[in-house]
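Peer 1: Counting from 43, one number per residue, gives the positions in the sequence shown under my numbering.
Mixed in with the good hints there might be a few duds.
[To be verified] Label pairs and their computed distance ranges (CB to CB): (1) 156 <-> 101: 29 to 39 Å; (2) 95 <-> 137: 18 to 28 Å; (3) 99 <-> 76: 30 to 40 Å.
No lab work stands behind these hints: they were computed from the structure. We treat Cβ as the ideally placed atom computed from N, Cα and C, and that holds for glycine.
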Amino acid sequence: MFVNIDKKTVRLWAPRVALLGACLAAYFIAARLGWVPANPLAWLLEIGDRVKEELPKYGILAPVVYALFYALQIIVAPIPGAPLSYTAGFLFGPVTASIFSMLGIVLGSAVAFWLARRLGWPLLEKITPSSWLERWRNLSAVNSSILWFLLMLAPTADVFYFIAGLTTLSFRRFMLLVVLGRTPGIILSSVIGANVETFGVQWIFILIGAMLLVSLAGNWLRQRVERRALLAAQTTELDER
Numbered sequence: 043m044f045v046n047i048d049k050k051t052v053r054l055w056a057p058r059v060a061l062l063g064a065c066l067a068a069y070f071i072a073a074r075l076g077w078v079p080a081n082p083l084a085w086l087l088e089i090g091d092r093v094k095e096e097l098p099k100y101g102i103l104a105p106v107v108y109a110l111f112y113a114l115q116i117i118v119a120p121i122p123g124a125p126l127s128y129t130a131g132f133l134f135g136p137v138t139a140s141i142f143s144m145l146g147i148v149l150g151s152a153v154a155f156w157l158a159r160r161l162g163w164p165l166l167e168k169i170t171p172s173s174w175l176e177r178w179r180n181l182s183a184v185n186s187s188i189l190w191f192l193l194m195l196a197p198t199a200d201v202f203y204f205i206a207g208l209t210t211l212s213f214r215r216f217m218l219l220v221v222l223g224r225t226p227g228i229i230l231s232s233v234i235g236a237n238v239e240t241f242g243v244q245w246i247f248i249l250i251g252a253m254l255l256v257s258l259a260g261n262w263l264r265q266r267v268e269r270r271a272l273l274a275a276q277t278t279e280l281d282e283r
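Given only the sequences and the hints, what does the whole structure look like? Please build it.
Peer 2: Laid out in structure tokens, this is it:
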């Protein structure tokens, strides 16, 4: 059975895919002309190796600062933190990266949940574009632990931590869902980051394509959850009448 992706999803993702394709094409042309490194992975790894050589000087402080930064990007700029996990895997190794990435997620999601529960929708209206907020508004009516676990399992935007604070989920239950849902993805991205030196450029592009497909699947899942929430809200409203 094929996944039915609606026109709204196509309109949302088509410009992003087109932009990514244009950027890749521009890079290949620039590389052929000698304007940029022909092997971007080797260039980035060279920079990363220099950073890794400096990290031992800072001891435990380096991963602690990373965890705090991870938490801060959830609270201040609610965007996906997957690139941070890949970078941490490369710099700290898979185990340390996984542990401190999860510490950052737990801290950031806890603060986001608490702020949303205290300040409500006005907070989200200040930190989230209105066009996005309208698409996600129905999620505040979703109180199912299973559905929120699935949302945490998918690579969804960090703003969902705030939206969860507007549901009736308890703080403890939500934090448990965060840990259970986010841990597999964090471990996977940390392992990939730690082993990126063994990958060729072609594998990097394959991974980028895979991440796009997973993001599309996560967006499809979110829309299914939204529609279910909207249907439940309409049913409740009719029952009250």
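Peer 1: Are the hints correct? Go through all of them and say.
Peer 2: Now the hints, each set against the structure:
1. 156 <-> 101: 29 to 39 Å: Holds: the Cβ-Cβ distance is about 31 Å, inside 29 to 39 Å.
2. 95 <-> 137: 18 to 28 Å: holds (20 Å)
3. 99 <-> 76: 30 to 40 Å: Check passed, 36 Å falls within 30 to 40 Å.
The structure fails none of the hints (numbered hints given earlier).
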